[in-house]
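Novice: These are the residues of each chain, in order.
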Amino acid sequence: MKPEDNKVMQLKDAVSKYIKHGCHLSIGGFTLNRNPMAAVYEIIRQKTRDLHVYAHSNGQGVDELIGAGCVSHLEIAYGGTGKFMPTCIRFKKAVQEQTIIVEDYSNFQMTLRFLAGAMGIAFLPTRSSLGTDIINKWGFPKEFRKQHDLIPNQKLVVMDNPFDGWCDTKKVVLVPAITPDVTIIHVQMADFRGNCRIEGLTFADVEQAKAAKRLIITCEELLDDDYLKNDPDRNQIPFIHADAVVKVPFGAYPTACYRYYDYDAAYMNAYARAAKNDDAYQQYLAAYVFDCPTHTHLLDKVGRGRVESILADRNRGYAKNLDRK
Amino acid sequence: MKPEDNKVMQLKDAVSKYIKHGCHLSIGGFTLNRNPMAAVYEIIRQKTRDLHVYAHSNGQGVDELIGAGCVSHLEIAYGGTGKFMPTCIRFKKAVQEQTIIVEDYSNFQMTLRFLAGAMGIAFLPTRSSLGTDIINKWGFPKEFRKQHDLIPNQKLVVMDNPFDGWCDTKKVVLVPAITPDVTIIHVQMADFRGNCRIEGLTFADVEQAKAAKRLIITCEELLDDDYLKNDPDRNQIPFIHADAVVKVPFGAYPTACYRYYDYDAAYMNAYARAAKNDDAYQQYLAAYVFDCPTHTHLLDKVGRGRVESILADRNRGYAKNLDRK
Amino acid sequence: MDYTLRELMTICAAREIKNGDIVFCGTGISMLAAMAAKNINAPDSVIFFETGAIDSKLEDIPLAVADPRIMYHTSANGGLMEAFCTMQNPMSGARIVGILGAAQIDLYGNLNSTVIGEYDAPDVRFSGSGGACDVASFVSRSIIFMKMEKRKFKKKLDYLTSPGFLDGPDGREKAGLPPGGPDKVITDMGVMGFDEHTRQMFLIGCFPGITPDQILDNMEFEIRTDRAVEIAVPTQTELTLLREKCDPHGLIL
Amino acid sequence: MDYTLRELMTICAAREIKNGDIVFCGTGISMLAAMAAKNINAPDSVIFFETGAIDSKLEDIPLAVADPRIMYHTSANGGLMEAFCTMQNPMSGARIVGILGAAQIDLYGNLNSTVIGEYDAPDVRFSGSGGACDVASFVSRSIIFMKMEKRKFKKKLDYLTSPGFLDGPDGREKAGLPPGGPDKVITDMGVMGFDEHTRQMFLIGCFPGITPDQILDNMEFEIRTDRAVEIAVPTQTELTLLREKCDPHGLIL
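Chains as they are written, first to last, in the working numbering: chain S, 1 to 325; chain Y, 326 to 650; chain W, 651 to 903; chain B, 904 to 1156.
No wet-lab data here; the hints were simulated from the structure.
Covered stretches of chain B (chain S as the covering partner; in silico rule of three or more C-beta atoms under 8 Å from a C-beta of chain S):
1) 948-960
2) 967-975
3) 980-991
4) 1029-1035
5) 1062-1074
6) 1078-1088
Model, not experiment: these values are computed from the prediction. We put the CB at the ideal spot given by N, CA and C, even for glycine.
Given these sequences and hints, build the entire structure.
Specialist: Here it is, written out as structure tokens:
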């Protein structure tokens, strides 16, 4: 039962209250956009271990959680951040070294799995991946699945269309629902009760938010209740799904937040360089995560000049003349 | 293949081009709100017959189509307009006199059926209606279904959850997709290519629009291409789904159109009175539909004073002091 | 205290709603009951419509669940998909109280709002399920408004539109439905509940001046009446708030 | 004419796009090909991203499919659900052209973008499907960028991520997939297509200075080369528009 009173919390408290060792976690955003990075860094600082993470294409956040050793299991469609890391580097390393167990889906399948969780149904059908190894090859074998109540007994199930050729369809694959213990999303605006407004593409954030048993929202702007309710056509997540609301300006940094700031190409290039070398990566973690007690400290370390350089043109939604080499 | 050029048409031409006798048709809106009434009246004027109509809770539009003898088959969840007609009157009469064949679903099931059509999947699952006569009693028997390619071979299919108790679910009912020949929706704003912006609740209009083979859009305001694209977070239907765009101010009248006008209680009460009596209903049809070559003529007949009385307060979205007795 | 039967029924339903409840409203008296709860005893309840509006301000009473009045000052304006997903969602669905009406009800709280007579050749056709079957399928509890008449309290429904407890204590589970089911039946003569073991309807209380026998006379099936008490009449505060804040123009009352 | 191999490959892909096509873009060269088509030969093609943006203006080249640059001046900003439903929808899906890349390809145009080696204990891990499997499953045709190397043109894929024609002409139908499949493979040495009867890859043409044998030397499997012609080099107009309008800062080229 989600309480109706003021849900505003400090990030440290929200993370320590809801994200325990072994937690099944999903985070919002997509590759280099609107990842809840401030929350990711806080999870790393709190040294949470053995996370079971669900992602479609959450690049930067997932790679940093894996790199810091927080993740043991991962269900994912894509690990990358586009040009900066065509394949996520710490993810690649962890899979190759078998320090995490990964199970592959497609982006649509992960989206449907979150939607199934959000709509309270055990599975949804699609025709995507019929005939492929996404169906044939499982990351978690049968015995493992039997031992874990939070994982369905099968990865995917292929079935005949009982409506006999309806929609020219002979077969479908059923994808099982995901109901994470916790979802964390970063949004442009929220109010103290947890109503949310996302600007630009929503990715699968709305589905991830509603699928979860607990929802932590970090936001650029924390508004009073009337502000968002005065234009409800723009709001996607009503407060009844929310458990914690945390104001964190630049909370998606170094990933982008449409209409607020762009991704920081310099940070992400430096990250990719560090990620290729174990020692350099430990130095990165020490300097940019563990030595920064809060996200504000990280921004200070990067320097306000760099942060100002990525501020978005409110009309276009990104930093028009940003150097992105 | 939907052409990319200017899709703007006259209502008469859009209806005669796309809505033929025997057409499978769905119309947008809900009970007394945003029904595409101008298009409904045009269909009645064109004396289109034998329509197979799909509706969740489209009250006024469906009742008028049935009353005018345009409908032979109806798949529906609810026929009513709230206080004005708790049960649609011509619908009730037609079912009791067996002049139409009706098949019942729930609102969620109809929504899922349109969504299935929109997402190109043969069926979707839900737990709604398990154990009820919605599953047991079919409007269209097996033999009828076999003879009609546009109707699936079964009404609904109950199946066991193959993910073995996942989400505390033992059984689900599968609802088959709807792919109407044509969907008609009425929206607040569209551009000449067919991008749409709906204000207030969208009901199932977006799903109905994307499920259809052809989409006719009537709109309060017809805008140039840039206007809607300058704020795409507010748009729900991209132009690639559109076939015809028709500007019809007050196109949902006598039902409401959020932020533009309220429902006309006087019209709807008069309609309900007329609908109770066959002669009075024929007089209503003659006066308000057949004698009005266009929707503008209907508005003139009602009188501009009445129309002005229902104009919405732009902030609240409805006519604050409207007499609704 | 002067009050009408309709006012009493509305207030009886409103009293069942608690802070934190999410109230699914249909049209008419059920919507008024939700508004009354919010204005009288449960200011932190949330009003919710199947059409997609959640936490509507409701400055003015809507006359249908698609009335533009429900779209004003909500938490989010979506559509039917969002609304029904919220209902079927185990987290949010568990907090929803459905308020329903119907043409017929049986001993286990199953409802008919579709037809009287044969489905293929009905004597009387009603509106149909709308979202009623969905809400009765998904949510943790529902409150049902019914008029006391023998033809409405039926041994066997002509058509089972919305599931109550189906055929008994394990009826919902056998059918594959989530737990939940009807909680109260509010009539024009008294209020019924459902026994937690047998899941059969029983009489909770009579309205002032009504006896259990009068109620039984208006039903086709028997229910237990040994636990019945007299229902408290509306207070002056309840009536004033209902009349002045919820329906000042008497559109529903 | 002076041009780089990457420019030639981009322009070869752009030439495959027609007015009215809806182009599904991935990151990098595939996005640039879509921009090039729109700026050169198919101004009425529509650029579409799996993240939910449709008909983006793309004043500036995005560096990922979630780049905020794709959200500016679109027809509608939705999310992944909207995007993939548009792909699976038979009406809109039939108009979509997918542009994909991969680590490995086989004779029938099946792609691997997941692992080299065993799935449980891979030698090399790649990004995974993302939306590639979805687009390859749903849309009517796709264009694939590949580098010509023996380890990339494989007799047997280590992992089949995205379906081409699977194991032959009726492979997709047997598996339950919609019709469609790969249309062209654009490499750094030439362009391949798929025979309409056998659904096997064949050589359409070589880039200037490249022979069919050189191409075969860089493949683990054999393909027919008897229909191969020389590919037309980029025109000055194509190059100018590509360089000046699409990628003026050389972020992808």
